[in-house]
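Chains as they are written, first to last, in the working numbering: chain A, 88 to 203; chain B, 1408 to 1521.
Below, a sample of chain A positions facing chain B; criterion: calculated Cβ distance under 10 Å:
id, residue
1, 93
2, 96
3, 120
4, 124
5, 129
6, 130
7, 131
8, 132
9, 144
10, 177
11, 179
12, 191
13, 193
14, 195
15, 196
These are computed hints drawn from the structure, not numbers from a lab.
In this text the structure is predicted, and so the values were computed from the model without any measurement.
Note that beta-carbon positions come from the ideal geometry of N, C-alpha and C, so glycine has one too.
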Amino acid sequence: DAMVIQNPRYQVTQFGKPVTLSCSQTLNHNVMYWYQQKSSQAPKLLFHYYDKDFNNEADTPDNFQSRRPNTSFCFLDIRSPGLGDAAMYLCATSRDLSAGINDEQYFGPGTRLTVT
Amino acid sequence: DQQVKQNSPSLSVQEGRISILNCDYTNSMFDYFLWYKKYPAEGPTFLISISSIKDKNEDGRFTVFLNKSAKHLSLHIVPSQPGDSAVYFCRGYIKKTSYDKVIFGPGTSLSVIP
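Extracted from the complex, chain B is given alone in its bound form (with noise of 0.2 Å):
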């Protein structure tokens, strides 16, 4: 089984505050986790990564966090600012005998409020 779950469809958080995505993940195969970033009418960017040997990759307000025994990451964007209202998606990357295989969560919809 090769799931990647985000439970929560949208989450709204106060300009300043903290916000967190969670994802999480059913093979424990799974190697790589990339967070997308996508604003309406455009395609999915690049956000953060961490790899399964890390449990935390920071990037400015940016940081991921990995719990391999819970099969549990979480996005934490610190101070929050309108600007990243966005639908944000965990995608985790998984090796298959014939090719590499990446799998997409659903997305969390965030809207930060003024």
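Just chain A, same shape as in the assembly (with noise of 0.2 Å):
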């Protein structure tokens, strides 16, 4: 049973061309997390939300927003994409922020985002 959905798995964009990626889940987490991941780097988180409390990263760049509109749905917009932006895009739920030892991350599959 899938428990973290991301669409689509693949998407192509151009250059400046705004681009929407989506994120959901069935698991009735509170906190919802996205992360960006380039080849061979760690996973890095540029915003997560507390229920509808939004939290950004310091370095995320402000051409990246998000939406909650819901406990199981979350979007991450990327307003005008460049080069630099082609990565994988995880979508990851917890329960709690506390991120304990029994309050792991649950992951989806990810989005590849090209942009050419």
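Dock the two chains into a complex; use the hints.
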């Protein structure tokens, strides 16, 4: 049973053309995260939502925005994609922010974004 | 400074032997560590964890060791199986003033050769 679903799995967009990536979850978790992962690098946290509270990482470019209209869905909007934004984008959820031993993150399969 | 390092990008091990994946961190404030396993075309999945109050945690073929003085942890897989071939991420947890933060290492790609 899929718990964290990301659509599409592969996305191609043009330089400067806005793009939206989608994530949904069936776990009813409070927290949803968006990570950017470039080849052979660690996943980098962009931002997270705790319920409706949005928390942006200090070094996340303004070009990246997010929306969480309800518990189940979270969107990543890239307003003007550049070539450097080509990456795998991972959505994750957790029950709570404490991220303790029994509260690990559940990841979706990712969306691979290509910018042409 | 808050970094989690996995200095070996890849590792090859013969089936049945031990696989040892290493992880180093830079800040003694890291509290919990989790290991994630990632197959191609799938998201990372939780494998095993360890709290900073422990030095060892075991779950079947997987054991994680934590050496706080050296700021080092390692994941041991015994015996290694071909199905263990995947990328393994070490993840540290540190509490910030406003919210909790998790930091991933870059991963180690394990190949178990039949």
